[in-house]
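Those protein sequences? They're chains A and B, same order as listed.
Per the numbering used here, the very first residue in the first sequence carries number 1491; after that it's consecutive.
Per the numbering used here, the very first residue in the second sequence carries number 516; after that it's consecutive.
Keep in mind the hints are simulated off the structure, nothing from the lab.
Yeah, the Cβ is synthetic: ideal placement off N, Cα and C, and Gly gets one too.
A hint or two may mislead.
Unchecked claim - With the C-beta cut set under 8 Å, the calculated list includes, among others, these residues of chain B facing chain A:
id, residue
1, 684
2, 689
3, 690
4, 692
5, 693
6, 695
7, 698
8, 700
9, 705
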Amino acid sequence: MPTMLEVTGLNHRYGKGDGAHVAVRELSFSVDAGELACIVGPSGCGKSTLLRCIAGLIPPTGGSVRLHGDEVSGVPDDLAVVFQDYSRSLFPWLTVARNVEFPLRWRKLSKQERAERAQEALDAVGLSGVGKKFPWQLSGGMQQRVSIARALASKPALLIMDEPFASVDAQTRFELEDLLRRVQREQQSTILLVTHDIDESVYLGDRVLVLSKSPATIVADLAVDLPAERDQIATRESAKFVTLRGEVARLLQGGPAAPETAAETSDEATATADAAEWEATEEAAAETGDSAKEASH
Amino acid sequence: MTQVTDRATRLRSQAAAGISGFARNWLVFIGAVAVWELATRLAASVFFPPPSQIVTTAVELWFSGPASQLFLSETVFDHILPSIGRCLGGWAIAVVLGVGLGTALGRSRTGMEYVGPLFAFFRAIPPPTLVPVFMVLFGLGPGMQVATIIFGAIWPILLNTVDGVRSVDSVKVDTARSFRTPAPYWIGMVVLPAALPKIFAGLRLSLSISLILMVVSELIGSLNGIGHELISSQQQFDFPLMWSWIVLLGILGYGLNAVLLTVERRVLRWQPTRNDDG
Ligand SMILES: Nc1ncnc2c1ncn2[C@@H]1O[C@H](COP(=O)(O)OP(=O)(O)OP(=O)(O)O)[C@@H](O)[C@H]1O
Ligand SMILES: [Mg+2]
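The task is simple: from the sequences and hints, build the whole structure.
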């Protein structure tokens, strides 16, 4: 598989002088075409910053990003981003259907083709009947799905997603995860997805990149050797899955990666407990973040 | 049976609510007119004719035309329509210039830094004081009046547009950029809609300024128009006539604002805070 994305020695610093904050430090990795790579990292470590550099929305202060072998300067062609702040990313003056159609507006598509494609994308995320509503008339989870539908409708070669399933219920989340894997295989697209959820990263990814605390550097790059066909229940119960999630959890806590061979017998129970504990802290962090956001509005 | 009575009571209470809504809006107004009528009749001053007389004069003045002109009199065609035309024409030009310039300046990084102080200065000049200047430049007539209206009406629109187009939410800016939105779509589907609530606030302000400047410019230097007729009726001591022009101006101001509000409500239907009236 040819390389789709190549990040070398990426650095990003916000501000200058004393008040400067290094969000990303010396980060290198590459993603092959057709791959689904998940990035997990602690809250505030610089994941969104990394994605914004890759999408060409901010110029990194150091290092380079290459897409299809071309240096990224400015937003490259054929890329779509699902932003973490989905409610602010939707246009409140456009109906849901028009929001989804938005990236197709300037393509050579007839009005009808455009509407059909938007409808397809909305159907795919389970929002068939809400096209005529305005985004603010929908719940948070529904808005998030609209922004996913909008990105899917534009059928990008590289899809960048920043915690896309953070505010949907478990059942919808499972459906969307499966949808994403299906769409990715059908459209041969490459996906780079940031998540807080260790289980999700392992279930979704062909690879999991684990980031350190701020400033973000890569702690580990794990290949997920689960079968391509995944099943929400069976896959999550498999020994391989449990081992992997334990490994990711341990890496996130700053511990050394358990050696592959030992992982099988090494207490699965501890690994699971680790993962659960990690998630609990993460959730708490996310919640405080959310309430802070609300207070500032 | 109970259903029928239910519906009847509901209808009655709806009617009552409708009447009370109407009453709240107009009761005080009607009361004020009644008091005005009574007071002027008792005072019997030539300067303050009773409203009934003003209305009679006004109807005579405006609706004495032939049926072929929808009963509109010559006065309407000679004075009222030209006035409204100048007011709306000047305002429309100010809207186009204000929104266009405001968008360009607001989205450019340094534009406002260059022209900001200049605008603040121009805006501080009370527009009526420029009537003499425009009179020299354009002579008596519509040119001078339209120029005065444009000069007075453009600032609220321009400055509000600048403000509005700058306030586009950063995540929406990023979203549009990530889709590589071409400039026309970026301006038309993101920047202007985001700025519309502010632009409309400017439009309403500038519309009332336009009406004021229309009258003022006609009072000072004009050969026809509402302001011209108003001042000449005063000079002829025809006070009922004078008052009927004043009443007309009130009606015009109210009507224009109501129309603009209706348009605004339609255009900004998407705003969450407006959903209760749509
Ligand atoms: N525009 C900015 N200016 C200055 N500092 C910033 C800016 N954006 C982010 N930061 C800082 O950079 C760090 C990384 O932020 P970033 O949003 O990339 O984190 P994150 O990993 O996406 O966090 P989360 O998981 O909560 O979304 C944070 O400490 C944040 O305070
Ligand atoms: Mg983030």
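Hint check results:
Interface hint at residue 684/B: satisfied, since its Cβ lies 6 Å from the closest Cβ of chain A, which is below the 8 Å cut-off. Interface restraint check for residue 689/B: the shortest CB-CB distance to chain A comes to about 5 Å, inside 8 Å, so the restraint holds. A cut of 8 Å between beta carbons decides the hint on residue 690/B: the least distance to chain A is about 5 Å, and the hint holds. Because the beta carbon of residue 692/B sits about 5 Å from the nearest beta carbon in chain A, less than 8 Å, this interface hint is met.
Checking residue 693/B against chain A by beta carbon gives a least distance of about 4 Å; that is within 8 Å, so the hint holds. A hinted interface residue such as residue 695/B counts as satisfied when its beta carbon comes closer than 8 Å to some beta carbon of chain A; here the least separation is about 6 Å, so the hint holds. Proximity of residue 698/B to chain A is violated relative to the hint, the smallest CB-CB distance being about 10 Å (cut-off 8 Å). Taking 8 Å as the C-beta cut-off, the interface hint given for residue 700/B holds, the closest approach to chain A being about 6 Å.
The beta carbon of residue 705/B comes within 7 Å of a beta carbon in chain A, closer than 8 Å, and the hint placing it at the interface holds.
Going down the numbered hints, you'll see the structure goes against just number 7.
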